[in-house]
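Start from the sequences, fold in the hints, and give me the full structure.
Residue numbers (the working numbering), protein chains in the order written: chain D, 1 to 396; chain R, 1 to 309.
Keep in mind that a hint or two might mislead.
As the list claims (entries may be wrong) - Listed next, with one range per pair, are the computed distances between beta-carbon atoms:
(1) D359/D - E87/R: 48 to 56 Å
(2) R198/D - R52/R: 37 to 45 Å
(3) D44/R - R141/D: 33 to 41 Å
(4) L292/D - R66/R: 46 to 54 Å
(5) V92/D - D252/R: 20 to 28 Å
(6) W227/R - A278/D: 54 to 62 Å
(7) P65/D - R224/R: 24 to 32 Å
(8) W227/R - R64/D: 26 to 34 Å
(9) R198/D - G286/R: 52 to 60 Å
(10) R64/D - A266/R: 27 to 35 Å
(11) N258/D - A246/R: 15 to 23 Å
(12) R46/D - G35/R: 29 to 37 Å
(13) G286/R - R125/D: 38 to 46 Å
If you are wondering where the hints come from, they were derived from the structure by calculation, not from laboratory data. Here a beta-carbon is modelled for each residue, glycine too, at the ideal position from N, C-alpha and C.
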Amino acid sequence: MPGVTRLRAEPISLVAAGAVTPLGADLDAFWSGLVTGSDGISMIERFPVDDLRVGRGGEIKKLRPLPGGRRAGCRATQLLLAAAEDLLARAVVSAEPERVAVVLGTALGGVEQLERALAPGGRPRHAVGALYDSPAHALARRLGARGPVLTVGTACAAGATALGIGADLLRGDAADVVIAGGYDALCRFVMRGFDALRSLTRERVRPFDRRRSGLLLGEAAALVLMTRDGAMSGPKLGRLLGHASASDGSHIAAPDPNGRGLEFAVRAALDEAELTPADVDFVSAHGTGTPLNDRIEAEVLRRALGRRASEIPVNSIKAALGHTMGAAAALEAIMCLLASREGVVPYTLGLEEPDPACDLDHVVGSPRAARPRISLSTSLGFGGCNAALVLEAAES
Amino acid sequence: MSVSVGPQAAGGNAATPTAAIGTTVAAVTVLTGWGHGIGALPADATRAAAGRAVIPLGRPTLEGDRFRRATRECLLGVAAVDALLRENDVSRDAVRGSSTALIYVTGGAYGASNQAFVVAESVRPASVGAGSARPGLTEGGLSEKRAGSVAGPLHFPYTAPSAMAGEVAIEFGLTGPYGILIGGAAATIDALWQATRLLAGGRCERALVLAVETFEECADLYARGRWLVRRPLVEAAACALLVPGALHARYDAPRAPSALETLARARAGETLACAPLIALALARDGGATASIGVTGEWRGRRAGLYWRQ
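Now the structure itself:
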């Protein structure tokens, strides 16, 4: 990046997390499911799929009722509020409401409400709920947050970008606490779209496997509570040291064949963290299981990490959950920090015969005992969106 | 007008490793349903609308086969950036590559593509599959004409807001820092602030903040949310170019609208995410360069950004 001199970014604390995923109703179920190799993929039951090529996905079958019998609105908001309840059970948001920000990534927003709004007799609240940022405002109301409320639309990289923007809000003193993360709900709209693109596999999702044939979608919400480093006492999950995003400028629905945007994002995130590939202990890959994504991502990691690429454990958790779109990168960032805390790296479900074209140190077959200090998480999305996060384990 | 966009033009600030790097709004271009530039804005948008709910902006005619499938929103984004570069004598080569950041903002410009995708399914022949019929969404309530305007299932990638930013990135070869914020005018303030952060942090040499809003295809839907958006809804595409400079930006949450916010709304109408960029254009037109404050409101939240020397 000639001509650009970077500043070291102030590290940001990730204090606690909350999640709801196809593996279970909270963060504990998410983590134990990953470590034990649970499969969150099932036949979709919430809406009709029998006319689609593929009717499976990471559907959350049951959500816990909200305290006080509150109603949550659309599915996306329900997922977000369920993740928020999990987060609030683990941490207290202690800041003036005007200093609490909400930053959420999503690929779909409240789009399922659009189908209801366009149906005969569709109601005005459905039309407003169809806006992408409606779930974020619903979460802000639940949290009593009156600071910035941002919705990030960088497709399936949005969860990572949301964490990066959240960190910038803290560094820029625009907030004292940020609730950041991502979400997306499975709905017919998105299933039909990916089905039409022939991106969904009829087989098992197999990231980086020579037999990989596509992805499956999932739904989830994942939130982290972020503060400036040292602003909050007590145990923390870890720190966000660097973030970068970049566009491919190549294609609307496919990654750049040379992975230029992803490589830029990886290098820039490491640069912002003032780290080198030698410092990286673990990579959480986007790893969708599509032939193109996994090959390009592996090539980028080999280029960006150099000789270290073959020594750094790499995993993908998308076979266990489905591709949870806006939630994916936030879940993967949380997984990185839980791996550090628990001393074990979840393995890549579905990966049995690593593709030589994706030659990396994949975590295959069983979890690997390791306590990564520095993790790199990569994400890609429609529209040529790329993002990378550099995370540091909490001090033990 | 000619604008220099390289680091030298900023007095070498881009290469100075200090957090005190300021910014300058080097150029702003505005396309609205009223015409090209702020000179086309009426004195009073409500009066000029004469009862019309939407003031539409036509589909730009752009050369190149790759625009064949692009949505109107995508084309408007490309047209706004193209106009900004041409009007300010900035070559495409000057912005191409990884040193230019692109931050795209919209409140609802994905609405048309999303609605088209939903409607396309609802009017397809029953023979597609008996299981496709969904309760509550039937052929009867939707117009064939509207459905006929969509390209079919492969239109799906264009339902993502990132498609609009993606088309701009492809057209101008932008491979640098990239952000997409969804919301109204407050989100554009957030985007402008993000751009100043990227510049101050040395993460780019210049930043394009682009906003696009279209309403025509979704006028019925917007009519249901009258408490959220005002009238007239004016389609717009606007772009600002930010470079390192002498002004320092302060991000705030003011309770009241700035004079520029009020002026932009009065003259342009409801342009959602485009409003703060229109306000910036009005400020520059009025000669304000050393001190600019813009605000924007959306869903009860107002954000402000104040540049001072």
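Now for the hints, and whether the structure bears them out:
no. : hint                        : verdict
1   : D359/D - E87/R: 48 to 56 Å  : holds (50 Å)
2   : R198/D - R52/R: 37 to 45 Å  : holds (43 Å)
3   : D44/R - R141/D: 33 to 41 Å  : holds (35 Å)
4   : L292/D - R66/R: 46 to 54 Å  : violated (20 Å)
5   : V92/D - D252/R: 20 to 28 Å  : holds (27 Å)
6   : W227/R - A278/D: 54 to 62 Å : holds (56 Å)
7   : P65/D - R224/R: 24 to 32 Å  : holds (30 Å)
8   : W227/R - R64/D: 26 to 34 Å  : holds (32 Å)
9   : R198/D - G286/R: 52 to 60 Å : holds (54 Å)
10  : R64/D - A266/R: 27 to 35 Å  : violated (49 Å)
11  : N258/D - A246/R: 15 to 23 Å : violated (38 Å)
12  : R46/D - G35/R: 29 to 37 Å   : violated (47 Å)
13  : G286/R - R125/D: 38 to 46 Å : holds (41 Å)
Violated hints for the displayed structure, listed by number in ascending order: 4, 10, 11 and 12.
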